[in-house]
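Respectively, the protein sequence lines represent chains A and B. Under the working numbering, the first sequence has 388 at position 388, and the numbering climbs by one with no breaks. Under the working numbering, the second sequence has 909 at position 449, and the numbering climbs by one with no breaks.
By construction, these hints were calculated from the structure, which means they are not laboratory data. A portion of the hints provided could be inaccurate.
[Stated by the list, open to error] Have a look at the derived ranges for each label pair, beta carbon to beta carbon:
id : chain 1 : residue 1 : chain 2 : residue 2 : range
1  : B       : G525      : A       : N423      : 51 to 61 Å
2  : B       : S679      : A       : S185      : 48 to 58 Å
3  : B       : S654      : A       : V459      : 43 to 53 Å
4  : A       : V459      : B       : D734      : 35 to 45 Å
5  : B       : M565      : A       : Q100      : 40 to 50 Å
[Unchecked claim] From chain B, some residues computed to sit far from chain A (all C-beta separations above 10 Å):
id : residue
6  : K587
7  : S654
8  : T664
9  : T665
10 : S679
11 : G731
12 : P799
13 : G802
14 : S813
15 : A825
16 : I831
17 : A843
18 : H852
19 : K855
20 : K868
Backbone N, C-alpha and C define an ideal beta-carbon position, used for all residues, glycine too.
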Amino acid sequence: MASTLLSLASATPSASLSFHEINKGKLNLGCINKEKPNPFIKAKSFGRVSMVVASNVSHFEGITMAPPDPILGVSEAFKADDHELKLNLGVGAYRTEELQPYVLDVVKKVNKLLLEKGENLEYLPIEGLAAFNKVTAELLFGADNPVIKQQRVATVQGLSGTGSLRLAAALIERYFPGAKVLISSPTWGNHKNIFNDARVPWSEYRYYDPKTVGLDFEGMIADIKAAPEGSFILLHGCAHNPTGIDPTPEQWGVIADVIQEKNHIPFFDIAYQGFASGSLDTDAASVRMFVARGMEVIAAQSYSKNLGLYAERIGAINVVCSSPEAAARVKSQLKRIARPMYSNPPVHGARIVANIVGDSALFKEWNAEMEMMAGRIKNVRHKLFDSLSSKDKSGKDWSFVLKQIGMFSFTGLNKAQCDNMTNKWHVYMTKDGRISLAGLSLAKCEYLADAIIDSYHNVS
Amino acid sequence: MRPEFTSPSSSSSSSADRRLNALVRHLATASMVSQTAVAFSPTSGFHGDSVFSHVVRAPEDPILGVTVAYNKDPSPVKLNLGVGAYRTEEGKPLVLNVVRKAEQMLLNDKSRVKEYLPIVGIAEFNKLSAKLIFGADSPAIRENRVTTVQCLSGTGSLRVGAEFLARHYHQKTIYIPQPTWGNHPKVFTLAGLSVKTYRYYDPTTRGMNFQGLLEDLGSAPSGSIVLLHACAHNPTGVDPTLQQWEQIRQLMRSKALLPFFDSAYQGFASGNLDEDAQSIRMFVADGGECFVAQSYAKNMGLYGERVGALSVVCRAADVASKVESQLKLVIRPMFSNPPIHGASIVATILKDSNMFNEWTIELKAMADRIISMRKQLFDALRARGTPGDWSHIIKQIGMFTFTGLNSKQVEFMTREYHIYMTSDGRISMAGLSSKTVPHLADAIHAAVTRMS
Numbered sequence: 001m002a003s004t005l006l007s008l009a010s011a012t013p014s015a016s017l018s019f020h021e022i023n024k025g026k027l028n029l030g031c032i033n034k035e036k037p038n039p040f041i042k043a044k045s046f047g048r049v050s051m052v053v054a055s056n057v058s059h060f061e062g063i064t065m066a067p068p069d070p071i072l073g074v075s076e077a078f079k080a081d082d083h084e085l086k087l088n089l090g091v092g093a094y095r096t097e098e099l100q101p102y103v104l105d106v107v108k109k110v111n112k113l114l115l116e117k118g119e120n121l122e123y124l125p126i127e128g129l130a131a132f133n134k135v136t137a138e139l140l141f142g143a144d145n146p147v148i149k150q151q152r153v154a155t156v157q158g159l160s161g162t163g164s165l166r167l168a169a170a171l172i173e174r175y176f177p178g179a180k181v182l183i184s185s186p187t188w189g190n191h192k193n194i195f196n197d198a199r200v201p202w203s204e205y206r207y208y209d210p211k212t213v214g215l216d217f218e219g220m221i222a223d224i225k226a227a228p229e230g231s232f233i234l235l236h237g238c239a240h241n242p243t244g245i246d247p248t249p250e251q252w253g254v255i256a257d258v259i260q261e262k263n264h265i266p267f268f269d270i271a272y273q274g275f276a277s278g279s280l281d282t283d284a285a286s287v288r289m290f291v292a293r294g295m296e297v298i299a300a301q302s303y304s305k306n307l308g309l310y311a312e313r314i315g316a317i318n319v320v321c322s323s324p325e326a327a328a329r330v331k332s333q334l335k336r337i338a339r340p341m342y343s344n345p346p347v348h349g350a351r352i353v354a355n356i357v358g359d360s361a362l363f364k365e366w367n368a369e370m371e372m373m374a375g376r377i378k379n380v381r382h383k384l385f386d387s388l389s390s391k392d393k394s395g396k397d398w399s400f401v402l403k404q405i406g407m408f409s410f411t412g413l414n415k416a417q418c419d420n421m422t423n424k425w426h427v428y429m430t431k432d433g434r435i436s437l438a439g440l441s442l443a444k445c446e447y448l449a450d451a452i453i454d455s456y457h458n459v460s
Numbered sequence: 461m462r463p464e465f466t467s468p469s470s471s472s473s474s475s476a477d478r479r480l481n482a483l484v485r486h487l488a489t490a491s492m493v494s495q496t497a498v499a500f501s502p503t504s505g506f507h508g509d510s511v512f513s514h515v516v517r518a519p520e521d522p523i524l525g526v527t528v529a530y531n532k533d534p535s536p537v538k539l540n541l542g543v544g545a546y547r548t549e550e551g552k553p554l555v556l557n558v559v560r561k562a563e564q565m566l567l568n569d570k571s572r573v574k575e576y577l578p579i580v581g582i583a584e585f586n587k588l589s590a591k592l593i594f595g596a597d598s599p600a601i602r603e604n605r606v607t608t609v610q611c612l613s614g615t616g617s618l619r620v621g622a623e624f625l626a627r628h629y630h631q632k633t634i635y636i637p638q639p640t641w642g643n644h645p646k647v648f649t650l651a652g653l654s655v656k657t658y659r660y661y662d663p664t665t666r667g668m669n670f671q672g673l674l675e676d677l678g679s680a681p682s683g684s685i686v687l688l689h690a691c692a693h694n695p696t697g698v699d700p701t702l703q704q705w706e707q708i709r710q711l712m713r714s715k716a717l718l719p720f721f722d723s724a725y726q727g728f729a730s731g732n733l734d735e736d737a738q739s740i741r742m743f744v745a746d747g748g749e750c751f752v753a754q755s756y757a758k759n760m761g762l763y764g765e766r767v768g769a770l771s772v773v774c775r776a777a778d779v780a781s782k783v784e785s786q787l788k789l790v791i792r793p794m795f796s797n798p799p800i801h802g803a804s805i806v807a808t809i810l811k812d813s814n815m816f817n818e819w820t821i822e823l824k825a826m827a828d829r830i831i832s833m834r835k836q837l838f839d840a841l842r843a844r845g846t847p848g849d850w851s852h853i854i855k856q857i858g859m860f861t862f863t864g865l866n867s868k869q870v871e872f873m874t875r876e877y878h879i880y881m882t883s884d885g886r887i888s889m890a891g892l893s894s895k896t897v898p899h900l901a902d903a904i905h906a907a908v909t910r911m912s
């Protein structure tokens, strides 16, 4: 029947809508199907007006519903829950003790300042705000680092951590075709998506040891050694996400040795500089060690957490090269990748960062607020550890809560246990067992301890 | 020591070359390692070749590169007619009053936070953007057949839409007009689509090659994607008439060609928001599907904030919902979620009827100034007796004029008159003022009479 109607449609004189009717704008073509739309009717006649209407079947009929994002979807599920004891330990966004989002005072100051300055809203260059690029590289490598003085760093403003990683991934795909990126097992859930979409092959190196709830250092070194020469090794600069387990400085040294041996390229993801220990310099030590050895290094930065600028999407991709000339070439190619993706990056977040990091008084204030945020998380870790240790009579060692660093704790809970956390206790977390301590208050530690103990012991 | 890849057109080494490079690197550093127990002192330079040695320097972006060149020129009479950013009569960038107002309101709102937006962006912004482009009473909106996601201005919206199509649509070819905005081809090819062109501009008439357009779209394989400039075609300024749009619509629907509209100038072309959306609304009105990339860079002057939206009009609500879920999978590994500032400004303005009205007035003033520049330039060329028919300057619409000057003439104008423009002869009228029109007219006159 459909095909008869199809031929009927094409045979119908497709008289154009009268020019007059169109111009008057009175044409309300939405009125046509007064009854329930019949998908098999392709053309309708209304007096002298008939139109060729579009195909009755969607071009996208076969598209399936994608599953919700495993991390960002947690907040959506949390919002939908109206239980009074619900707790959102999903996404890594800092909360105050009152579990409210936090806009840093220094950011509020600068927001006001920017409006007073009244700067224009012209396009940034493709590589972003020059003032931002300067301070972001200095922040990461240290202002007096030789690589900066020698102009050996290609820095391009990116859309926070994700966007910066994506630019680097596209550079790898284009200039190192076939090269693999090694990512830790486990790692941030979006890493593999980024490399998949950029068409960069990846494989995993051992990282988390569930038996010790610590670092599987030997496995990590063995896997990095075994990778094809010239692979890219994705390293979390500090506050590993999701485990919270970082290598010690000595271990970092060995990791650097192996990477150098195999002519791998270290690729740092630094999303928590300042947030892990409370000190910007301490948290950059791993990256600076590699750079100090003269290695070429890729480093993606994010200001989402440490400046609370989540929604402003501000970050940077840095490529430390062996010469200023190589850095200039690499920068030009990063621009070539950004232009067909979004042309140039958003100006607002970049101005906020440039104003804060570039002003010594504001910078000091920022440091203080960051220490406060990192301090709150440390306190929460202690309270949670105390609650777990006192409530759990099994003798299980909960000290990993104290040893882990940064926003997250890897509880070691499996998927079924995580489901129990959510379904029975209304505690929202990612299914890999990760909880965001940034979303935990001292007041809720005991409740959380009960939930964890119950899930750990009573669910398998 | 290592082969340098000097071919400018090759952007990636073959895997064989890469393996060769890896070997060379290995051999080079292996010999070094055997010489020394390497002392890496912090002050020492890098030992060995860069892994990026084969990365060639990319040329400057042709459009944005014009401004780079302009900035370097010390001449006091230099004129930047390159990038399409509005300038006042005084030659200054303009931040709309209503935008400043909105920024102040946002600052005063103490409840505002900077938490991650949802992957699809600000819900209110998305709804308002759809209403703006499709019309508040659009049946597609009423029937929930539209999904709208916040993206990074026009470029970002095009890219996300193209990535989606490359993954989910059966036809991987997009037809783009000849000529089109310089960045279009790469947006689509990097997204995974292949690009073909359809005839559009007729250099002899400096108007539309409508016959060529119909022929080329008519011979495109059924289902192909077709890029359409909703209004104020960039770079030519030549738009189809409404009657021609209707013919295009009929042809496309009869061949099930999928329209992908690029709407970067709504309100900027004619000064009227609804008029500039007519082409899109015509397509939506027939019940069919289309993609629309919207930008607020020009019409709200929010260039650097990167505010835009991608809308997909579907046949049915459940399809729209599934499409949205898949768009999120494109966005998440690209930038996770969009920036909040610019979209908040837009939402603030669009939802408040007073501010909306203020905006339309400021928008019309910008459009009117450009129309006035067109008239002044046309009159100036006629007064000089410059050979040729320059009526296209006043017939074309929007920010740009396709002058018809060739690249030699453009080069001449840059060299002798310090006029900066893209080599295809496109000038941004927004960069002109009453004071600078005479200088430009002199330059064009000289170029036409002394260079061919």
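Hint check:
no., hint, verdict
1, B:G525 - A:N423: 51 to 61 Å, "holds, 57 Å"
2, B:S679 - A:S185: 48 to 58 Å, "holds, 52 Å"
3, B:S654 - A:V459: 43 to 53 Å, "holds, 52 Å"
4, A:V459 - B:D734: 35 to 45 Å, "violated, 59 Å"
5, B:M565 - A:Q100: 40 to 50 Å, "violated, 22 Å"
6, K587, "holds, 18 Å"
7, S654, "holds, 15 Å"
8, T664, "holds, 27 Å"
9, T665, "holds, 22 Å"
10, S679, "holds, 17 Å"
11, G731, "holds, 16 Å"
12, P799, "violated, 4 Å"
13, G802, "violated, 7 Å"
14, S813, "holds, 21 Å"
15, A825, "holds, 17 Å"
16, I831, "holds, 20 Å"
17, A843, "holds, 33 Å"
18, H852, "holds, 23 Å"
19, K855, "holds, 19 Å"
20, K868, "holds, 27 Å"
Of the numbered hints listed earlier, those contradicted by the structure are 4, 5, 12 and 13.
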